[in-house]
Amino acid sequence: MTVLAASSLTKRYRRGDKPFAAVDNVSFEIGPAETLALAGPSGSGKSTIARLVLRLIEPDAGRVDFEGADFLALSGAALRARRARIQMVFQDPLAAFNPRATVARVLDDPLRIHGIATRAERPRRIAALLERVGLDAGLAARAIHEISGGQRQRVAIARAIATRPSLIVLDEAVSALDVSVRGQILELLLDLQRQERIAYLFISHDLGVIRAVAHRVVILDAGRITESGDARSVIANPQSAIGKALVAATPRLTRSRP
Amino acid sequence: MNRLRRFFHTPEAIAGASILALLIVMALVAPLLFSGDPQAIAGPALLPPFQDWSLPLGTDRLGRDVLAELFHGARTSLAVGLAAAAAALFIGALVGTLAGFAGGLIDEMLMRVTDAFQTVPSFLLALAFVSIVGPSLGAVVAAIALGAWTGPARVARAEVLSIRERDYVAGARVIGMHPLEIAFREVLPNALPPVLALSSVIVAAAILTEAALSFLGLGDPNRVTWGGMIAEGRAVLRSAPFLSVVPGIALVLTVLGVYLAGEGVVESTAVRRSLS
Numbered sequence: 000m001t002v003l004a005a006s007s008l009t010k011r012y013r014r015g016d017k018p019f020a021a022v023d024n025v026s027f028e029i030g031p032a033e034t035l036a037l038a039g040p041s042g043s044g045k046s047t048i049a050r051l052v053l054r055l056i057e058p059d060a061g062r063v064d065f066e067g068a069d070f071l072a073l074s075g076a077a078l079r080a081r082r083a084r085i086q087m088v089f090q091d092p093l094a095a096f097n098p099r100a101t102v103a104r105v106l107d108d109p110l111r112i113h114g115i116a117t118r119a120e121r122p123r124r125i126a127a128l129l130e131r132v133g134l135d136a137g138l139a140a141r142a143i144h145e146i147s148g149g150q151r152q153r154v155a156i157a158r159a160i161a162t163r164p165s166l167i168v169l170d171e172a173v174s175a176l177d178v179s180v181r182g183q184i185l186e187l188l189l190d191l192q193r194q195e196r197i198a199y200l201f202i203s204h205d206l207g208v209i210r211a212v213a214h215r216v217v218i219l220d221a222g223r224i225t226e227s228g229d230a231r232s233v234i235a236n237p238q239s240a241i242g243k244a245l246v247a248a249t250p251r252l253t254r255s256r257p
Numbered sequence: 000m001n002r003l004r005r006f007f008h009t010p011e012a013i014a015g016a017s018i019l020a021l022l023i024v025m026a027l028v029a030p031l032l033f034s035g036d037p038q039a040i041a042g043p044a045l046l047p048p049f050q051d052w053s054l055p056l057g058t059d060r061l062g063r064d065v066l067a068e069l070f071h072g073a074r075t076s077l078a079v080g081l082a083a084a085a086a087a088l089f090i091g092a093l094v095g096t097l098a099g100f101a102g103g104l105i106d107e108m109l110m111r112v113t114d115a116f117q118t119v120p121s122f123l124l125a126l127a128f129v130s131i132v133g134p135s136l137g138a139v140v141a142a143i144a145l146g147a148w149t150g151p152a153r154v155a156r157a158e159v160l161s162i163r164e165r166d167y168v169a170g171a172r173v174i175g176m177h178p179l180e181i182a183f184r185e186v187l188p189n190a191l192p193p194v195l196a197l198s199s200v201i202v203a204a205a206i207l208t209e210a211a212l213s214f215l216g217l218g219d220p221n222r223v224t225w226g227g228m229i230a231e232g233r234a235v236l237r238s239a240p241f242l243s244v245v246p247g248i249a250l251v252l253t254v255l256g257v258y259l260a261g262e263g264v265v266e267s268t269a270v271r272r273s274l275s
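Residue numbers (numbering that gives the first Met the number 0), protein chains in the order written: chain A, 0 to 257; chain B, 0 to 275.
Treat the hints as calculated values from the structure; they're not laboratory data. Note that this is a predicted model, so its numbers are computed, not measured. Take the hints with a grain of salt, since some may be wrong.
Coverage of chain B stretches by chain A, computed from C-beta distances (three or more under 8 Å per stretch; other residues unrestricted) [said to hold, decoys possible]: (1) 162-168; (2) 182-189; (3) 235-241.
Yeah, the Cβ is synthetic: ideal placement off N, Cα and C, and Gly gets one too.
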């Protein structure tokens, strides 16, 4: 049983006059409570795949099956209802929220839209969500721009889990955070995965982070899959040129000379 | 509080706000201070200003109190100016948001309609509209709004086009928000500031258009308007120029006040933006 199965996904854009494929014949599967990482250099199509899977953009060819049903066949109200099960966390937690919003409103929206809690119940649910991601419930009244970047990303995660999804797409979700906060957020994500059995599509260019959280990894280059497999073994022994280049680019703590 | 202080930072804003405050007070106290019909005969005809202190600004050709007319005219000018601008901004923001957010055929259609309205000179459009519908306050407001909504529509569309690509709009789609809710709750409020920056120009233009319509005799005949007063005075421009000059000065000051206050608002929000 897979949560998400993408097969032969293709998305073409036009660059100047000649068309090019941002995503070219990409297939992958994610099982329940599994983390699949998409790695690759800038412009390799990682974020385009995220947006295709979420139906923020439409593919030119291919198929996306989500929880055993054709996700691309949905439209209108049926699609909006289904979106409760597949959520996303963006890279820049400030850009991901309406600049006028408060924390409470950000978390209220999914609960209201999907009828998860009645109006009277929602403040309690919002407080519970905030506590679930390790934030103080008193933060609810604050404006989004008043809280720190790490807190904002926790709010983004709270929003993503509000509708009890089976899959969360994390598009460079920890890349904009500083190192200490990054570790805490990754811990939170792993903890949520263990308890709620959420699958992650984890997009990152940082193989160090991928090695720490992902079960499997797919390495992309120019819209194509160049290599895939168990995260640890691929990173320990990359076969493709681009995989080797990515591993070589990962900063390491080397022992200084005596 | 902070914003208010920033608003009153520039002398222009202070001058504009003072003029506007004076006008609003004039409009509000007009029915109290001059409780009778301002179009009733109050004294001898063509009394010059500063002669009789019960009629400080004198009387017009029919012996009507110029000061009372001026106060009641402020009511009309402000009401028409604000109502027409509000209507124009509302229609413009609505059309612009729909066009920008929907894209495709809807965008094409709405923007071609906008083009059509923009190619017709707005004063001719207002003239034609009032001549057909008949001169009433509502018709004048509608006529002015009809020619003024295209500017806000274009600005709103341009803003929406940039905002709809932002992550938080994608985020709203991901949580399953309805497109109309995204357009009017997520996008429109963030697209409004530059649209509202147009409001002072639109109010000023609306007040002038109203005056011009009244001058041509297409204003509401049951109301005193500054444009109507200027037209009244035109017949005796050489013997009693004050009849045209007094409402003319009022008109100039009003437009200036609206414009300066609008500039002040734009300045203060611009500061806020660059700080954040």
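Status of each hint after checking the structure:
{"no.": "1", "hint": "162-168", "result": "holds (count 3)"}
{"no.": "2", "hint": "182-189", "result": "holds (count 3)"}
{"no.": "3", "hint": "235-241", "result": "violated (count 0)"}
Of the hints listed earlier, the one the structure fails to meet is number 3.
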